[in-house]
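Read top to bottom, the protein sequences are chains B and U. Each residue of the first sequence is one higher than the one before, starting from 0 at the first, in numbering that gives the first Met the number 0. Each residue of the second sequence is one higher than the one before, starting from 0 at the first, in numbering that gives the first Met the number 0.
Careful, some of the hints might be misleading.
[Said to hold, decoys possible] In silico BS3-like cross-links for lysine-lysine, where the CA-CA straight-line distance does not exceed 27 Å:
no., chain 1, residue 1, chain 2, residue 2
1, U, 207, U, 28
2, B, 75, B, 3
3, U, 237, B, 3
4, B, 75, B, 16
5, B, 16, B, 5
6, B, 75, U, 247
7, B, 5, U, 237
8, B, 75, U, 237
9, U, 96, U, 64
10, U, 94, U, 64
11, U, 28, U, 58
12, U, 94, U, 34
Just so you know, these hints were derived from the structure itself, not from any lab.
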Amino acid sequence: MRVKVKYFALLRELAGKREEDVEIDEETRVEELLEKLSERYGERFRDYVYGVGEFRGLTLMFLLNGRNIELMDGFKTRLRDGDTLSILPPVVGG
Amino acid sequence: MSFQELTQSELERYDRQILIPGWGLEGQKRLKNAKVAVVGVGGLGCPASLYLTAVGVGKIRIIDKEKFELSNLNRQILGYQTDLGRFKVHVAREKLKMLNPGVEVEPIVAEVTRDNVHEVVGDVDVVVDGMDNWRTRLVLNEYCVSHGIPFIHAAVSEMYGQITTIVAGNGPCLKCIFPRTPPEAEKTPVLGATPALLASLQVMEVVKLIIGIGEPLIGRMLFIDGRTMRFEEVRVEKREDCPVCGSKR
Ligand SMILES: [Zn+2]
Numbered sequence: 000m001r002v003k004v005k006y007f008a009l010l011r012e013l014a015g016k017r018e019e020d021v022e023i024d025e026e027t028r029v030e031e032l033l034e035k036l037s038e039r040y041g042e043r044f045r046d047y048v049y050g051v052g053e054f055r056g057l058t059l060m061f062l063l064n065g066r067n068i069e070l071m072d073g074f075k076t077r078l079r080d081g082d083t084l085s086i087l088p089p090v091v092g093g
Numbered sequence: 000m001s002f003q004e005l006t007q008s009e010l011e012r013y014d015r016q017i018l019i020p021g022w023g024l025e026g027q028k029r030l031k032n033a034k035v036a037v038v039g040v041g042g043l044g045c046p047a048s049l050y051l052t053a054v055g056v057g058k059i060r061i062i063d064k065e066k067f068e069l070s071n072l073n074r075q076i077l078g079y080q081t082d083l084g085r086f087k088v089h090v091a092r093e094k095l096k097m098l099n100p101g102v103e104v105e106p107i108v109a110e111v112t113r114d115n116v117h118e119v120v121g122d123v124d125v126v127v128d129g130m131d132n133w134r135t136r137l138v139l140n141e142y143c144v145s146h147g148i149p150f151i152h153a154a155v156s157e158m159y160g161q162i163t164t165i166v167a168g169n170g171p172c173l174k175c176i177f178p179r180t181p182p183e184a185e186k187t188p189v190l191g192a193t194p195a196l197l198a199s200l201q202v203m204e205v206v207k208l209i210i211g212i213g214e215p216l217i218g219r220m221l222f223i224d225g226r227t228m229r230f231e232e233v234r235v236e237k238r239e240d241c242p243v244c245g246s247k248r
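Please model the complete structure; the sequences and the hints are all you need to start from.
This is the structure in structure tokens:
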């Protein structure tokens with residue numbers, strides 16, 4: 000099956016693109032997808048999405064079809080064919 | 000409050016916007032009779048209140064507890080060098096009145112909290128988010144949802160920004176989108192033009208809602224990436240079980 004991933008902010012630079020379709024197995028969880036993408040784009044990508052290492056303390060927002068994955072099973076949320084996962088940086092200032 | 004007609008000088012002042020399709024005299028009168036609260040007179044609130052004043056919103060309530068500091072001046076464009084140490088809302092009122100004396104500007108020195116939001120924000124037609132923290136934004140979100148007041152959320156960082164319009168019942172509220180309060184930031188890096196851009200978009204949303212033209216940014220969050228100069232929206236969904244706006248609360 001296939002899902003769409005949309006990147007924002009630094010992730011666009013790390014992935015070198017704004018969005019892509021990713022081929023994954025049925026029942027794949029968000030964290031498994033992130034793992035697959037991290038293998039593709041490297042350690043900095045992984046540190047960024049999980050808010051570790053250089054990006055310690057960073058909390059990104061993951062929207063799956065417009066709903067925050069915190070409302071589902073977080074990183075354990077299972078993906079379905081045709082899903083869109085948007086990964087956004089925290090923006091707080093005014 | 001009685002419905003106020005437009006004066007000759009107002010017809011001239013607002014001529015170029017009255018010409019916008021769907022606006023007309025009726026739209027301008029609606030603006031004149033509207034009341035908008037700008038909560039936070041910072042990077043977003045300064046340009047937002049300037050444009051709300053220029054466009055002729057009848058009453059603008061500006062709320063901020065702080066005084067101008069030197070590190071504000073790269074983005075909080077109502078504050079000049081000579082205003083350092085003065086309350087932002089007092090400085091803002093002076094300048095807004097100079098720009099457009101016909102607009103009533105109500106300055107309030109306060110920090111919005113759950114306890115005072117009713118009194119401080121009060122009965123307005125739209126609330127503009129000029130805050131720099133989530134705690135207050137979520138208080139405003141709750142107040143606006145429970146009183147049916149449209150709330151124009153925006154936030155910025157570096158050259159990034161996000162904006163969405165919250166209208167209870169028509170789309171998600173901030174709590175639907177951010178179920179857990181996102182982390183606060185002590186000092187946000189920011190290029191002043193970024194909040195100015197977002198504030199302009201906020202004012203466009205306010206005006207559209209008051210006049211009743213166009214399509215508001217409901218159920219969509221527009222993400223602005225100034226680094227690559229790309230604007231993109233993401234869908235945001237309402238939660239039926241949202242503790243603030245849900246029908247199955
Ligand atoms: Zn909600």
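How the hints compare with the structure:
Of the pairs offered as hints, the one joining residue 207 of chain U and residue 28 of chain U holds, with about 13 Å between alpha carbons and a cut-off of 27 Å not exceeded. Proposed proximity of residue 75 of chain B and residue 3 of chain B is supported: the alpha carbons are some 17 Å apart, at most 27 Å. A C-alpha spacing of about 21 Å is found between residue 237 of chain U and residue 3 of chain B, which places the hinted pair at or below 27 Å, so the restraint holds. Note on residue 75 of chain B and residue 16 of chain B: the hinted pairing holds, with a Cα-Cα distance of about 25 Å set against a maximum of 27 Å.
The suggested pairing of residue 16 of chain B with residue 5 of chain B holds, with an alpha-carbon distance near 9 Å, which does not exceed 27 Å. Annotation: proposed proximity of residue 75 of chain B to residue 247 of chain U holds, straight-line Cα distance about 25 Å (limit 27 Å). Distance restraint check for residue 5 of chain B and residue 237 of chain U: the Cα-Cα separation of roughly 20 Å lies within the 27 Å cut-off, and the hinted pair is therefore satisfied. The hinted pair formed by residue 75 of chain B and residue 237 of chain U meets the criterion: a straight-line CA distance of about 22 Å does not exceed 27 Å.
For the hint pairing residue 96 of chain U with residue 64 of chain U, the CA-to-CA distance comes to about 20 Å; that is within 27 Å, so the pair holds. The suggested pairing of residue 94 of chain U with residue 64 of chain U holds, with an alpha-carbon distance near 18 Å, which does not exceed 27 Å. Of the pairs offered as hints, the one joining residue 28 of chain U and residue 58 of chain U holds, with about 12 Å between alpha carbons and a cut-off of 27 Å not exceeded. For a cut-off of 27 Å, the pair hint linking residue 94 of chain U to residue 34 of chain U stands: about 19 Å separates their Cα positions.
Of the numbered hints given earlier, the model fails none.
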